[in-house]
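As given, the protein sequences belong to chains E and X, one line each in that order.
Take 49 as the starting number for the first sequence in the working numbering and just add one per residue.
Take -13 as the starting number for the second sequence in the working numbering and just add one per residue.
Hints listed in this document are in silico derivations from the structure and should not be mistaken for laboratory results.
Just so it is clear, the structure is predicted and the values come from calculations on it, not from any experiment.
All C-beta atoms, glycine included, are put in the ideal place defined by N, C-alpha and C.
A couple of the hints might just be wrong.
Unchecked claim - With a straight-line Cα cutoff of 30 Å, these simulated DSSO-like cross-link-like pairs (lysine-lysine) come out:
(1) X:Lys(-8) to X:Lys5
(2) X:Lys5 to X:Lys38
(3) X:Lys(-1) to X:Lys23
(4) X:Lys37 to X:Lys23
(5) X:Lys492 to E:Lys331
(6) X:Lys38 to E:Lys328
What the hints assert, rightly or not - Facing chain X, according to a computed beta carbon distance under 7 Å, are these residues of chain E, among others:
(7) Gln52
(8) Arg73
(9) Asn76
(10) Ser81
(11) Ile237
(12) Asn241
(13) Thr249
(14) Thr319
(15) Ala322
(16) Lys323
(17) Ile324
(18) Leu326
To be verified - Here are some chain E residues the structure puts well away from chain X; computed CB gaps all over 12 Å:
(19) Gln84
(20) Ile90
(21) Met93
(22) Ser164
(23) Leu193
(24) His209
(25) Glu247
(26) Phe300
(27) Tyr321
(28) Phe327
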Amino acid sequence: MVLQAVIIILLAPFIQGVIKKTKARMQNRIGPSIWQPYYDVIKFMKKDAVLSHHSSWLSIVTPYIVFVSIVTAGIFIPTYSLHNEWNFIGDVILVVYLFGVARFFTALTALDAGGSFGGMGSSREMALSAIAEPALLLALFSVCLSSETMKLPHLVVSLTHNGWDWFAPSYVLAFFAMLIVVIAETGRIPVDNPDTHLELTMVHEGMLLEYSGRYLGLMMWAAQIKQLLLLSLFINLFFPWGIEGEHIFVSFLLYVAKLLALGMLLAFIETMYAKIRLFKVPKLLGSSMILSLMAILLRVFE
Amino acid sequence: MEKTIKQWLSRMKQQLGNKVRSMEQNSAQETVMLVEKTELPDVCYFLWHEKKGRLFTMVGNDERDIHGFFALYYVFSFDSFRHFITVKTLIDPLDPTFPSVAVQLPAANWYEREVKDLLGLRPQGHPDPRPLILHGDWPEDLHPLRKDFPLDRHAPRVQSREAFMPYDSEDVTEIPVGPIHAGIIEPGHFRFGAVGDTILHLDARLFFTHRGLEKASEGMPLEKALFLAERTCGVCALSHSTAFAQAVERLGEVTIPPRAAYLRTLFLELERLYNHIGDVGNVCAGFGFAVGVSQGARLKETLQQLNERVAGHRYLRGVVRLGGVRIDITEREKEEIAQTLAYVKKEFQELVDLLFSHDIAMNRMATTGVLSLEHANQLEVVGVAARASGRSVDIRRDQPYAAYDQVSFHVPVYEVGDVLSRVRIRVDEVLESIAIIEQLLHSLPSGDTFTPLPPLPPYRSAMGWCESPRGETVHWLMVGPDQTIYRYRIRSATYSNWPAVPLAVKGNIVPDFPLINKSFELCYACCDR
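Pulled out of the complex, with its shape left as it was, chain E reads as follows (with noise of 0.2 Å):
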């Protein structure tokens, strides 16, 4: 478990950094190292924090709370590995929620200094996630109605067990609408720019733009995590293969190598869409929700 947690904390810069060299190749730039959001974190753990003189103690512990609850819900996720004696305690909701608990004091904090950048991008991720969270749930559950547990290790169990019909259109249809999910909350292109210098488009960015030093570190740090987290769940929903080999060691390997592909397959996705308009991201995640809703009908009726 701690092993585990260890794992995702320090595996997260890693998986950013190969997405953002993959992007800048695609772009015909050659781009920062891979290892660069290392010396990011490094640096900026380093540094001194200023606060705003308006800001209170919200500022402070945000930081903290949101680090702790995301690396939380790394532990119930299972990444490559199926042993893990905390399985008691949580399920999918448990994650769903404690992503929430994360975004629900970013977005509060993003307030609290009084920036008028921080008030557009919290008020932008609200309205935004309150279509996203029922999508990433959606998703989850039509996944889930297979092996009916919400237990994420049971689920993969089972799913590695029964497996997928890869032809299947429910799987097909939970396979896109997880897709659309997992880039939205990853905060990338179409739905945000995690690239731009331009505050008054940025959703999640403009969130932490009060933030310096090791709270700004923390919280890029754990915006990390998260989409680590975020594509190891996808990963072992649709592609589970291997997580139960012999040697643990192996299906660490092959863990890593599909983060890397999936990775590659979002900065491929960045480099080819362009940023939608913002109030048509609802419109593509309300196309997730139907996708997931699809695909539960299908699963029922099969």
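Here the structure of chain E is known, so what remains is to put chain X in place on it, guided by the hints.
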């Protein structure tokens, strides 16, 4: 033509009757009407509304040591006659006020506020009395462009008089943005009044880095002032230096040799090319289309490296000299330009195909940030923004300079006025520019590259103009008795177009503002003279 202009002018004199005190020819292309200041609004409105003249520029001048008065010049351009009419009025220093023209002619808004700030001539009845060039913390009774204000005077700061649109409703959120931004861009403060994410009103506060270039130029020898003109703005450096050189040449009544005119045209088009291509790429950043951004940047870099190889400077500084050009090109360089342009044309075409076939990109650009033709006409918008809104102005065609009357080109016009139209204008103009350069290279005449200048007549004004990548730029110049600058007024395309941006963003959503702003692509330095 000569006869029709004469007839047209004398008819105009009849129509205006005794409102005009005198009418005289300042140059072959410019007629000056002297009017009493009380008649100023009527005469200007007549020229603008009845005669369809475009407000070209407006200059305030401290001429107290010449004849004891301040002077105001409202210049109107009549493109169909290729003629300018300047309405001049004298203002008594004891009563430094004049009736505002901006009440009827919205385009005069900024000019009159500028005259109020810098010369202390108060436009009476002006709809917007806030300070413009000098910010609210500058003392109200200090006017730096008056001749008795020493260049090295330090102004004390006072309690700020800055004011923004007040909102009564609690539903309106005020969003202050800038003047410091996250990207590497110049300072500008934008204050949105928004309901949710929809923009109700935008206050744009510019002129944060006013440099006093016009003041600094006074008393400067012309050769040196050319370098000052060139440094008005980084990305339209050549347009500014050309406009200044043309003003000087017009004052000295010299014609530059044909080879120099061709070379100026060639370099001006190279300037337009690297700007337009870079701008098409930059618009993509407004919706996070990274491929477009990096391809645009790459092609812009290719063109700037070409500039450096041919002219010795990436931003084409030092190309123009008074009376001609400083840089000549060889046969090999002609070949190199042709080759690079062929490559750029092909690659740019690919970028454009990619962009225009991208559903999300098209969706983001279409119907966003519409500037109506009516607004564009009232504010005398110029350049790309004007042509995208159906206003067909291009000073290269309307009042040709350099060698633009020797080449054939088409001026694209779109009607819709949205971001997409402005991008389309740039794309079409890139192809036109390449075609112009091909013609120039094909028929480049041989000969001298400059003509020496005669001594210039003191206290006479002349104008030089140039279609910069952003639109027409006008330099108004008056030389003193010792061949130094007496008054120099730069009116850049940006100065004309900024007031249109708040009108175009109204009703759009806040996250679309960067995209709209990029599609206008106005520079701040051109305003912060």
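| query | Taking each numbered hint in turn, which are not upheld by the structure, reported in ascending numerical order? | reply | Violated hints: 6, 7, 8, 10, 22, 25, 27, 28; rest satisfied.
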